[in-house]
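> Residue numbers (the working numbering), protein chains in the order written: chain A, 1 to 711; chain R, 1 to 156.
Possibly wrong hints are sitting among the right ones.
What the hints assert, rightly or not - Here are the simulated EDC-like pairs of lysine to aspartate or glutamate, each with C-alpha atoms no more than 20 Å apart in a straight line: (1) A/K284 with R/E2; (2) A/K697 with A/D529; (3) A/K228 with R/E120; (4) A/K659 with R/E118; (5) A/K284 with R/E114; (6) A/K284 with R/E78; (7) A/K424 with A/E386; (8) A/K284 with R/E118; (9) A/K284 with R/E18; (10) A/K659 with R/E120; (11) A/K226 with R/E78.
Unchecked claim - Computed list of chain A residues with no C-beta within reach of chain R, every gap over 12 Å: (12) S458; (13) S557; (14) K640; (15) P671.
As the list claims (entries may be wrong) - According to the in silico footprint, chain A covers these stretches of chain R (three or more CB under 8 Å from chain A): (16) 43–56; (17) 68–76; (18) 80–87; (19) 93–105.
Hints are computed from structural coordinates only; laboratory data are not their basis. Predicted, not measured: the structure shown is a model, and the values here were computed from it. Built from N, CA and C at the ideal position, the CB exists for glycine as well.
Here's the letter readout for the chains.
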Amino acid sequence: MDKQIEDTSYPPEQYELTERPGYNFLLTRRSFFQVMGSGLAVTFSLGDGLAKSLDETFKDAEDQISAWIHVSETGTVSVYTGKAEVGQNIRTALTQIVAEELDVSLDKIEMVMGDTALTPYDQGTFGSRSVPYMGPQLRKAAANAREYLIELAGVHWKTGREFLRLEKGSIINDKNKLSIAIGALTKGKKIVRGINESVKVKPADQWKVAGKPVLKVNGTSFLTGKHKYVSDMTLPGMLYGKILRPPSYKAELVTVDTSGAERLADVTVVRDGNFIGVAAPTLKRAMDALMAIRAEWRPVSQPSRSEIFEHLKSKASAGTGRNDHTSGDLSDGFARADVKVEQTFHIDYIAHAPLEPRAGVAQWTGSKLSVWTGTQRPFGVQEELEDIFHIPKEDIRVIMPDTGSGYGGKHTGEAGIEAARLAKSTGTAVKVVWTREEEFTWAYFRPAGVIDVRAGVSKDGKLTAWEFHNYNSGGSGIETPYLVSAQKIQFHPSDSPLRQGSYRGLAGPANAFARECIMNDLALSLNMDPLAFRLKNLREERMKNVLEAAAQKFGWSTFKPSPNRGVGIACADEKGSFIATCAEVTFDPDSGDIRVVRVAASFECGAIINPNHLENQILGSLIQGMGGALFEWINFENGKILNPRFSEYRVPRFGDCPKIDIVMLNRVDIPSAGAGETPIMAIAPAIRNAIDQATGKKLYTLPLVPNGLPG
Amino acid sequence: MEIAINNKRYTVEAGSDETLLNVLRNHLGMTGSKYGCGEGACGACKVLIDGVAAPSCITTIGSLAGKNITTIEGIAEEVLHPVQKSFLETDVFQCAYCASGMVIAAVSLLKKNEKPSEREIIQGMQGNICRCGTYPRIVRAIQLAANQKNGHGQTN
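With the hints as constraints, model all of the structure from the sequences given.
Below is the structure:
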């Protein structure tokens, strides 16, 4: 495989793991407006370049556009954004936002998403950014479109603004009682406008479409099997590709004999450096060809699961400074403490395991390349292809149809790159779909890590000292929401033997786990109620609100623990949203089974765009979080993944689900934050603290009980 | 080989050891059934074989002589099947890659047991994975479909 593809020392998603500032490249001009017919286009630009009115000749400023909306002469509204749909239902949420401001029905709105040729540049769909960043841009663009259309109607009727309003796709004239469809106003012209900052958007408490439980906009196509994921696509003359994988990470190819594969009819074998792949007219033939390749590999010795935590700690750097928080005098803080705790936590690698494995379809037309692939970063994949194939970005188009989930695990374009390399040699379109084993082995993992925590608290329940070191798992969500004057918090990058990268909430769930376990243990050592102890050390009202709401729904204060049954509570915040989770577990001493029987969670992320889909995100986060909390872990030995299948890597199923109550706090006075990540952060510590109460056993690992709890 | 799918007979040029999933997706262009694991562990590829849900990724076409296959493409006729309708109304899905397999498994379950308890639904659906974690909504949607079928709502 090409060096660039398999350079595990510095995977492209690493930038997000360490949260360096995002790219802000200027775009090369792509003339979005060529695809536009007559009608009105409103562009939202990142800089001030488009604040003034535009016309078709004003092309330079295109580089600055981050979203645009087009109202065609038939009255359909096309919304162009580089965001991608991976199941978070952002297609629906953004449609609602535009429908709200533009007052057209949802079915008149077409979202054009994640296509590098048609949509403005976007850094990627991750970090809970679509609603808080893309949402306001589209809202503004839609509000401006509304005002321009009203302005055009004013010219049409020679009437003042005060008599005109936009309603259900038409401008109504209250003076002459006439109406005109919004598509009829541009009269064959192409009008391009920028944003007038003085145009008001509708306040959240007046929303009629946004804020409502609208159904998934293209829901039927999924239920009938009609939606085409990339793995479902075919193109005329398309071949199926398979790639030769090493038996373990970093293994070096010693010899290879591809003659057996080449002898098969209609099979193309491609070798380019370490990349060896085959393409054939049927999947079966491609698999037969792959099996016919004889390769000898030299394994490279590397750390295994049994020594991973020692390894990560010993190879860790002093710190990056980036996520560090140091204040006060730590030794003084500990001197003032009446109770101290000190613990080490171990966090295993886990896999995203999106149900649709990586897939890519590629086709070359002369020197131009088109790649369809399910990635959270279509423009990032375009850059990967540019690097690897040494062709200009303008010649590469990456298209991302709605995809079978990502959870932070699809920031890269491996399958698309592999398909593109094969297609370059065959001259036809090629499709590469990874097997489940490939997805479990050659994608990337949520990082493993070691977390050391030392904390002190005074008798009256006030934190006096907080020292927190995360080795390798990441610096996201590392800061503590609790008031403590003396603190030292550091993230220490290390040397990961496995390829690692972003995961839902990044390191947030691991850091919240360690923090909230310690908060529980401190409270218990003072004989304080863990909820009261948290409230006592918090200042942030929004966090207190979710804690109290979750506790109330759960019946926290009235719960009576009994042998082998206990409850736990935890909270966390990230990226402007707040989660609190209570869990009740039971323990069966005969089987060692821990069961989560009941969960109540409260979440607040500002103004709610779609309560139904928000609840679904919280629900999904809680259930996915239960997997990482209880039993998900990657086992590996000397560069080989030992459990790369669903029969060996346990994920939550129907039978694992507890009764779940969700309380959503709608703060219409606060701008909407994203919701795909934070709700996953408090479930693991809530379960752990419940196990503590049920059994008296304090656990310090994620997962908590992959093999049950010894009685 | 001849196979009966969605009340039509198809002749496919494939060996008897070829999996039904591969034949459906790559020979016949019926891509509604999804690949998820290749070992019958996730349910994304489920189809009805003589009315009973089975993973097509570990079913060889040689084993299908005289049997009737129904795929997700054959579940809806003129209008959506009541199970699809209740899934849609409950707004179950996120990425929806598991949707076809879930619908098939639910249809199979309700054929066997018109009024399943929550526990029976969970047991009946245990072989299907939704990695987005929408399970409680799927249970609700199946209950809704069962209620409608039992005359508590619109029937099909």
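> Run the distance test for A/K284 versus R/E18: straight-line Cα separation, threshold 20 Å.
holds (8 Å)
> Please verify that the nearest CB of chain R lies beyond 12 Å from A/S557's CB.
holds (26 Å)
> Given the hinted pair A/K284 and R/E2, is their Cα-Cα distance within 20 Å?
holds (19 Å)
> Once the closest CB in chain R is found, is it more than 12 Å from A/P671?
Label holds. Min Cβ-Cβ 24 Å, cutoff 12 Å.
> At least three residues with a C-beta closer than 8 Å to a C-beta of chain A: is that true for the stretch 80–87 of chain R?
Holds: 3 residues of the stretch 80–87 of chain R have a Cβ under 8 Å from chain A.
> Quickly compare the C-alpha distance for A/K659 and R/E120 to 20 Å and report which way the hint goes.
holds (16 Å)
> Using C-beta distances, would you say chain A covers the stretch 93–105 of chain R, given that this needs three or more residues below 8 Å?
Since 9 is at least three, the answer is holds.
> Could you grab the alpha-carbon distance between A/K228 and R/E120 and see if it respects the 20 Å cut-off?
Violated. A/K228 to R/E120 sits at ~32 Å, over the 20 Å cutoff.
> Closer than 8 Å Cβ to Cβ for three or more residues is the test here. Does the stretch 68–76 of chain R pass it with chain A?
Holds: 5 residues of the stretch 68–76 of chain R have a Cβ under 8 Å from chain A.
> When you check the alpha-carbon spacing of A/K284 and R/E78, does it fall within 20 Å?
Status violated; Cα separation ~35 Å.
> Tell me if the straight-line CA distance from A/K424 to A/E386 falls inside 20 Å.
The hint holds at about 14 Å.
> Quick one, are A/K659 and R/E118 close enough, alpha carbons at most 20 Å?
Cα-Cα ~12 Å, so holds.
The structure shown violates the earlier hints numbered 3, 5, 6, 8 and 16.
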